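Student: Going down the list, the sequences are from chains A and B. For the record, in the first sequence the residue sitting at position 83 is 83 according to this note's numbering, with numbers rising by one throughout. For the record, in the second sequence the residue sitting at position 38 is 38 according to this note's numbering, with numbers rising by one throughout.
Source of the hints: derived by calculation from the structure; they are not laboratory data. These numbers were taken from a predicted model, which means no experiment stands behind them. Don't take each hint at face value.
From chain A, some residues computed to sit far from chain B (all C-beta separations above 12 angstroms) [as the list claims (entries may be wrong)]: (1) Gln-6; (2) Gly-43; (3) Gln-45; (4) Leu-46; (5) Lys-49; (6) Asn-61; (7) Asp-85; (8) Ala-92; (9) Ala-104; (10) Leu-105; (11) Gly-110.
As a list, the in silico EDC-like pairs of lysine to aspartate or glutamate whose alpha-carbon atoms are at most 20 angstroms apart [as the list claims (entries may be wrong)]: (12) A:Lys-109 with A:Glu-88; (13) A:Lys-68 with A:Asp-85; (14) A:Lys-58 with B:Glu-82; (15) B:Lys-57 with B:Glu-75; (16) B:Lys-57 with A:Asp-85; (17) B:Lys-13 with B:Asp-101.
Even for Gly, the Cβ is constructed at its ideal location relative to N, Cα and C.
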Amino acid sequence: AQSVTQLGSHVSVSEGALVLLRCNYSSSVPPYLFWYVQYPNQGLQLLLKYTSAATLVKGINGFEAEFKKSETSFHLTKPSAHMSDAAEYFCAVSDPQSSNSGYALNFGKGTSLLVTP
Amino acid sequence: KAGVTQTPRYLIKTRGQQVTLSCSPISGHRSVSWYQQTPGQGLQFLFEYFSETQRNKGNFPGRFSGRQFSNSRSEMNVSTLELGDSALYLCASSLGGAIIDGYTFGSGTRLTVV
């Protein structure tokens, strides 16, 4: 089954610094990949998605991610962190060729981003 | 445009009871998925419905069930509640049900089993 691993359950950055959240996937075929953000007491909001088009994907709120097949990675970045970026971030994967799991997302454990003044 | 609405937002139940959670998708969306979120297991897929048909089911016991109505609203039911069922239950809807469409999530129902 498809899975993703998020390295670092907690990441702390200073306001204005680069944000880098890591996600590696396990797949023998190019999967669909997603990044979601969850603010306290809220549901998940889609930041961006990779569906085998451009390898560099731009999302909302200034976030972007690059699909690297050779590294099986889909890391999330933002050039300059804002206080409002503090939240839980989830990487998710789905297998587009699977008839069983094609409608389900497998989420990573999440990375909590802390932004300090 | 209204988002995904989940009711109730909070629920406290006693072990052994059963519970029904409701989800109203975005107008026009025909696919509804359910996920369980716990601190220990993270986000886990429960099931997905499209046009009243369950297309996929996660690895949960039969105590967890769901259904979708003709207006795309969905309910999930958990019978014989256990302490471990305490979780945030998230519902997500999608226009056509394809993963590439991306899902819109509701704010969830927080279930506490005592």
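Student: State the violated hints by number, sorted upward, taking the hints as numbered earlier in the document.
Tutor: Those not satisfied are hints 1, 2, 3, 4, 5, 8, 9, 10, 11, 13, 14, 16, 17.
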